[in-house]
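Under the working numbering, the first residue of the sequence shown carries the number 13, and numbering increases by one thereafter.
These are calculated hints, taken from the structure and not from any lab test. A couple of the hints might just be wrong.
Cut-off 20 angstroms, straight-line C-alpha distance, at most; resulting in silico cross-link-like pairs (SDA-like, lysine to any residue) [what the hints assert, rightly or not]:
1) Lys204 x Ser298
2) Lys24 x Arg76
3) Lys135 x Met155
4) Lys194 x Gly309
5) Lys204 x Gln297
Predicted model, so just to flag it, every value in this text is computed and none were measured.
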Amino acid sequence: MSTTSPPALDMKRITGNVGVEIRGIDLATDLSADTVSAIRAAVVQHKVVFFRGQHGFDDAWQERFASRFGALAPSHATLSGSAASPAILELDYSTTQIRTDLWHTDASYQLRPPLGTILRAVKMPPYGGDTAWANTATAYQSMPEELRALADSLWVVHTNTGDNAPYALNGEDGAAIRAQRKEYLSREFFTKHPVVQLHPESGERTLLLGQFFHRVVGWSIAASRDVYRLLQSYVVTPENVVRWRWAEGDVAFWDNRATQHYAVRDYGSQGRTVHRITIAGDIPQSISGTRSESVGGDEFTVGIH
Numbered sequence: 013m014s015t016t017s018p019p020a021l022d023m024k025r026i027t028g029n030v031g032v033e034i035r036g037i038d039l040a041t042d043l044s045a046d047t048v049s050a051i052r053a054a055v056v057q058h059k060v061v062f063f064r065g066q067h068g069f070d071d072a073w074q075e076r077f078a079s080r081f082g083a084l085a086p087s088h089a090t091l092s093g094s095a096a097s098p099a100i101l102e103l104d105y106s107t108t109q110i111r112t113d114l115w116h117t118d119a120s121y122q123l124r125p126p127l128g129t130i131l132r133a134v135k136m137p138p139y140g141g142d143t144a145w146a147n148t149a150t151a152y153q154s155m156p157e158e159l160r161a162l163a164d165s166l167w168v169v170h171t172n173t174g175d176n177a178p179y180a181l182n183g184e185d186g187a188a189i190r191a192q193r194k195e196y197l198s199r200e201f202f203t204k205h206p207v208v209q210l211h212p213e214s215g216e217r218t219l220l221l222g223q224f225f226h227r228v229v230g231w232s233i234a235a236s237r238d239v240y241r242l243l244q245s246y247v248v249t250p251e252n253v254v255r256w257r258w259a260e261g262d263v264a265f266w267d268n269r270a271t272q273h274y275a276v277r278d279y280g281s282q283g284r285t286v287h288r289i290t291i292a293g294d295i296p297q298s299i300s301g302t303r304s305e306s307v308g309g310d311e312f313t314v315g316i317h
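All chains should be built: construct the whole structure from the sequences, respecting the hints.
Set out below in structure tokens:
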């Protein structure tokens, strides 16, 4: 077995707590195992990594690259993938939109949220359309000790709702939009997760919150919302956030187990198209070792819990 260290990457830090740009790598090539290991280590350490100008990185290469990091998850829990690949979800924001202008962890309403997500900028507006990511590990560390102790003890139900369903930007709710919304809401998930999960690779404690939060187990909805706002405020504080100005051909790869993200919607009806692929993850684990469980909806009924 080789004992050599992964190659050093040319990385430029973007903020003090989250995000690096990796330079000098062409993702549309057969990367060595050592380079893949180094990229994975960078993702775990910095939570989100960026690659500029990957113009040869098409759907096939995106799928090939993602598969180096684990099994691929379905493109979406309810929506169909692209015609080229069931693993790739095309998000075209020119006329319709799945709500991503909300702080969220991808598919946290499922029992096994993705390990990570790889997003490729296909078409970008001349201005606007940035994406922001928040580091939920530094968010946890920044909380007072007493608040960390409370968070350590809490379990929360996450669910998918109509708040994120496709809608028409121009207000014209036509047949295509209605059909997409119906498909989006065709399956329902209710999953109980710990507010604080143990990262399976780094061992860090990270907060598992975001837009799919429904309620704290054993608490009223009103009290649940109050504690959510308090905990979430530590996630989205500017010190824990990086904001990326996209250019066509850019690629972002983030650790879904230690981040939330928000797609800024400030470009009107201009074209913005991205292709997303997710890597299958494990069932989250609390600091006591207890795993998440499905408590309702489709996953529960088929016994995946």
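Quick rundown of the hints versus the structure:
Annotation: proposed proximity of Lys204 to Ser298 holds, straight-line Cα distance about 11 angstroms (limit 20 angstroms). Of the supplied pair hints, the one linking Lys24 and Arg76 is violated, its CA atoms being roughly 25 angstroms apart against a limit of 20 angstroms. Of the pairs offered as hints, the one joining Lys135 and Met155 is violated, with about 38 angstroms between alpha carbons and a cut-off of 20 angstroms exceeded. Restraint check for Lys194 and Gly309: the C-alpha separation of about 16 angstroms stays at or below 20 angstroms, so the hint holds.
Pair hint Lys204 plus Gln297 holds up; C-alpha atoms about 11 angstroms apart against a cutoff of 20 angstroms.
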